[in-house]
Amino acid sequence: MESTALNFVNATLNWVTLALDAPAARAVVFGVHIGGHLFVEVLLLVVILFLLSQKSYKPPKRPLTKKEIDELCDEWVPESLIPPITEEMQSEPPVLESAAGPHAIVNGKEVVNFASANYLGFIGHEKLLDSCTSALEKYGVGSCGPRGFYGTIDVHLDCEARIANFLGTTDSILYSYGLSTMFSAIPCFCKKGDIIVVDEGVHWGIQNGLYLSRSTIVYFKHNDMESLEKTLEKITAKNQRAKKLRRYIVVEAVYQNSGQIAPLDKIIKLKEKYRFRVLLDESNSIGVLGHSGRGLTEYCNVPIEKIDIVTASMGHALATEGGFCTGSARVIDHQRLSSSGYVFSASLPPYLASAAITAIDVLEQNPELTSKLKENIAILWKGLSDVQGISIASNPESPIVFLRLKKSTGSTKGDLQLLEDLANRALEEESVFVVVSKRSTLDKCPLPVGIRMFVSAAHSESDLLKACSALKKVAAVVLKDHIRP
Amino acid sequence: MITIPYLTALTTYFSYGLLFAFGQFRDFFRKIFDWWQASNLQGYAPICLGLEDFYIRRLYLRIQDCFGRPIASSPDAWFDVVERYSNDNNKTLKRTEKISRCLNLGSYNYLGFAAADEYCTPRVIDSLNRFSASTCSTRVDGGTTTLHKELEECVANFVGKPAAVVFGMGYVTNSAILPVIIGKGGLIISDSLNHNSIVNGARGSGATIRVFQHNTPPHLEKVLREQIAEGQPRTHRPWKKIIVVVEGIYSMEGELCKLPEIVAICKKYKAYVYLDEAHSIGAVGKTGRGVCELLGVDTADVDIMMGTFTKSFGSCGGYIAGSKELIQYLKYTCPAHLYATSISPPAAQQIISSIKVILGEDGSSRGAQKLARIRENSNFFRSELQKMGFEVLGDNDSPVMPIMLYNPAKIPAFSRECLKQNVAVVTVAFPATPLLLARARICISASHTKEDLLKALEVISQVGDMVGIKYFPAEPEKQLQHQQPGKETIKLE
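One line per chain: the protein sequences are A and B, in this order. Just add 1178 to wherever you are in the first sequence, counting from 1, and you've got our numbering. Just add 15 to wherever you are in the second sequence, counting from 1, and you've got our numbering.
Since the hints were derived computationally from the structure, they do not count as laboratory data. Fair warning: there could be bad hints in the mix.
Claimed, not checked - Here are the simulated lysine-lysine pairs, DSBU-like style, with alpha carbons at most 30 Å apart: (1) B:Lys164 <-> A:Lys1305; (2) A:Lys1451 <-> B:Lys46; (3) A:Lys1239 <-> B:Lys255; (4) A:Lys1584 <-> A:Lys1644.
To be verified - Derived DEER-like restraints, expressed as beta-carbon distance ranges: (5) B:Pro20 <-> A:Ala1339: 45 to 53 Å; (6) B:Gln228 <-> A:Lys1305: 50 to 58 Å; (7) B:Gly198 <-> A:Leu1423: 27 to 35 Å; (8) B:Lys435 <-> A:Asn1343: 28 to 36 Å.
The C-beta atom is built at its ideal place from N, Cα and C for all residues, glycine as well.
From just these sequences and the hints, can you work out the full model?
Here's what the structure looks like:
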């Protein structure tokens, strides 16, 4: 018995020794010598494979249950739709009871009106009223459809041709609202990735158009040509290989927010040097600048073909509503299908289009209106230059005379209150109607606020002198604490 | 819902594919041709990149004569269409002096105020002489006249809200209001087929935009629940406010929106409702007050009601109606109020006069007659078209009826053939509609008489047979009872 057990153990030991020293352990596989460590390595491999095949620990994903969503919805409290109403929100503008000509009736009193941008005095002009009346009788009031679907009336086509004729371009396109002209034209040509260099004092319509276009926007200092040049230099230095990038400069001819006039000849030189395209907004300069009223291009002696896109609102000098855009044929044709404010909106009422045609006819026949306007502006400047506490911040040739406080109260709100007080007193006590420039909460313009006076060619000299003396009187009362010694 | 037959879908895809291939071919040749001629851009990038206007150059220009047809009279029930011709294969179209008198099935003239009206026009001319064509100034400066105040009261009364504010253009109303009432941190949920002005306004506001399936309240509820539970993207903060934007009548579908369900859902989840009644104000409802009246929704439940005056009132402009505080706030800060010229006084007078006619305050019952007529006209026309086998969309009572065309070749065929027989229709294709679903859209007016409608039906049936758009089987002819001439209502068997 013991011998068999011993024999068994001996046999096992012999076998193990044999296995460990077996020639197989020293086999040559594909020319590689394999030692006894083969088993250890195989074991390690098995362990590694086992660990890899284990799922890693992730916290389990639990989507919200219906009950939880219900609770969240019940807990959620929205903000109110509008912020609480403050005092200043409740002020109402003065109500006119007659046409907004140079003399208007406000609250039963006759006042001298400097709040309407009626630069050439066309409000109440006989010829315009006649053409409107005949258009109303023939076409009714509205056009009842967008331009693509029977909303194109022959007066629209005539008006577009007349405007192009007047300005010397190939074609033009009519929009039904002045504000929508710029913010539909810009997204039509500027898409994501393009570069736009724009003056910081442009009005909200242009700002909105820039925002909707999703391009890269760079602001330069208001009406400062050196700042513009530096900006252009910086941009072109960065993007040398941008052949497909479209680059634009956007300026206004006469800035609504400050009354400055853009130096177009310098801008054209810069544009040609750096290969940018220019978009010009001539709302306040059509019919005003240039000896025949053709706008800033005539004033600066620049041929209009050098400007790529010119837009303007007709609600100022031409005394109708709506806007137009003009340029080369390619630019205009593209807008007829891709400009959202043109395609998806009803067209301009036909009587306003015929009023525009008549206004341009009258302007062409009477170019002396622009010189009368210039004289009026000069008279007003002379009279206002010695008003205490107020300085004139606009260009001497601009029809918007912009008055600013010499010494600011420190905050925009304080300035606004002072100026409002001034304007209200001028209206009630002196029967001179002037307005303060108001800003929306959405407006990003950094320029200071002031009083805007719109001079018209229909103002007589006595009107202007009355305005000057009225402002002097009122300013002496309101601003006596704010006048520099 | 639009169900497009398989064969039609196949042929439509094939047609578009063919047109696309041809277009690419011609572009290729044009590129080679241009290589010979030096380009005169001198270092400027081209103002329109090649691919952006591919659709315009190669597809749209072929059928350009179907769009933008000029007219030479007021857009009444019958009008004069100016004939145009082209020398260079439709690339440019030139006007002629010839006009043809056609039946107008395309203008938005729901209540017939488009032409000179016996009550409105004298008053409009009076206001023109008194206030002139424009005020040349913004509402906050010197542009508010007594007429504007009267107009806003009148509109608020008509719509059923405490106060209203009026702007000079409907498109700008949407684009300039949405950024004022909602900003970054807010959520706008809009119907998938909303108008371009709403899309622009929503984009301009900076808020997050989500879309729900067209006119499907259960999907709206699902989107609302998801969004409130998740919060703002990435930060998961709760939303500041949620606005749901819907339209009264969708202009490309002719459908009414399911307003009662949507208002109920929004009340439950505390979202604000913004209703755009551009096509429905004045055209539907017993007294013309829009979808709220038609579907029985209390106007106090809808927070912001917007509409335009172009369609039913024969004028121009848009309005927003809401609570007094809302309107005060908008007048204080909305850019369209502060920076844009106020609405032209004659247009304002036209709106006031037409509202008076609709409400019967001018002393006659013309308003009620017009409303009854447009309802009867729309229902009659729609049912007749459906009987003939056309695929017509839209609900009953809606004056907008699209007829499906599908194939791109049928668009110009239908339009030109109808014009030859003196019926002017509007055809719509991509991009205003999805690519496959081109349609012809008919707008019925209260100034269409029975004879006009019968003539239109005859012509459309004839052209439909020729072009092959009767996708549904026609019902057997029923005996129509014609009234004696002079009466305007008709009874169907």
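We went through each hint and held it up to the structure:
Distance restraint check for Lys164 of chain B and Lys1305 of chain A: the Cα-Cα separation of roughly 28 Å lies within the 30 Å cut-off, and the hinted pair is therefore satisfied. For the hint pairing Lys1451 of chain A with Lys46 of chain B, the CA-to-CA distance comes to about 28 Å; that is within 30 Å, so the pair holds. Taken as a hint, the Lys1239 of chain A and Lys255 of chain B pair is honoured in the structure, with Cα atoms around 28 Å apart against an allowance of 30 Å. Of the supplied pair hints, the one linking Lys1584 of chain A and Lys1644 of chain A holds, its CA atoms being roughly 22 Å apart against a limit of 30 Å.
Checked against the hint of 45 to 53 Å, the C-beta distance between Pro20 of chain B and Ala1339 of chain A comes to roughly 46 Å, which is consistent with it. Take Gln228 of chain B and Lys1305 of chain A: their Cβ atoms lie about 55 Å apart, and the range 50 to 58 Å holds. Hint check: Gly198 of chain B to Leu1423 of chain A, Cβ distance near 30 Å, so the stated range 27 to 35 Å holds. Roughly 34 Å separates the CB atoms of Lys435 of chain B and Asn1343 of chain A, a value that falls within the hinted 28 to 36 Å.
Hint violations for this structure: none, all hints satisfied.
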